[in-house]
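Listed in order, the protein sequences are those of chains A and B. Heads up: the first sequence at position 182 corresponds to 182 in the working numbering, and the numbers run straight through without jumps. Numbers in the working numbering are just positions in the second sequence, counted from 1, shifted up by 190.
One should not assume that every hint holds.
Over the 10 Å line for every Cβ pair with chain A, so calculated as not near, a few chain B residues [as the list claims (entries may be wrong)]:
#	residue
1	Leu199
2	Gln234
3	Pro249
The calculated DSS-like cross-link candidates involving lysine-lysine, where the alpha carbons are at most 27 Å apart (straight line), are [claimed, not checked]:
#	chain 1	residue 1	chain 2	residue 2
4	A	Lys102	A	Lys89
5	A	Lys187	B	Lys200
6	A	Lys138	A	Lys55
7	A	Lys55	A	Lys187
8	A	Lys138	A	Lys13
9	A	Lys13	B	Lys200
Everything labelled a hint here was simulated from the structure, so no lab data went into it. Don't be surprised by glycine CBs; every beta carbon is placed ideally from N, CA and C.
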Amino acid sequence: MWFYEKKLQYPAKVGRANLQMAKFLITQYGGPDGELAASMRYLTQRYTMPVPQAKGLLTDIGTEELAHLEIIATLVYKLMDGASVDEIKRAGLGAYYADHDKALYLVNGEGVPWTAAYIQSKGDPIADLHEDMAAEEKARATYEWLINLSDDPDLNDTLRFLRQREVVHFQRFGEALQIVQNYLDCKKVY
Amino acid sequence: MDREQLALLKELMALEFTALELHLYLDTHPNDQRALMENNSACQAAQAARERYESCYGPLTFCAQSGFPWQWISDPWPWEICYE
């Protein structure tokens, strides 16, 4: 089960409203390498992990990704705050506005809705943990491209925090992979 | 949100983050005794800060006591706070 904690994991700051950045950043909400995909991937894969370390790690990182999803939502919400319809149109968000006004919705930067096809749950712990490590690297790269696109130091501070978390998660998944590999090697009896 | 409340909230965020980082590390290093001790004291510090915050400003968590009227729904919500 889960409980909500009424706070963010990290202060989500934006220096000024910026619709163009909101359009780019929303991919980390509902895009292929975004936080929802990350959370659902880990929380779905955990059931078939063979060792307690991997069950625990997937549960905890899957939960932390939900906290990141909330940070992204907060950033997008703040980046769109106070925007006029005219500004929305100019930023290329007219189609988004027609469907959602300024509400949060799970899409990538081009408006493609989130899909479970972004993730896999293979039942093979070696395959799943390799996917998880790749997912962390893809998310890290996405944060780097987003930082390249942004000239807002406050926003970049929050994005750098999120990028750093991907690096830590990659490290932990690598350790879990090693533990699973050792476990499977020990289990082989000839 | 006034400066005092924001400062306490940020302190709690930092303490809980420390605990989380140790928690993930321990998932793959369950026999690291030093990390375990650090985890336990980080959790103690975070819990103390959370209780201090909740006694002044109302519940942050599911099972916290509330003053009257029900404080859980009081503004601001996390996405409405200016963290400057």
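query: Hint numbers the structure violates, sorted upward?
result: 1, 3, 5
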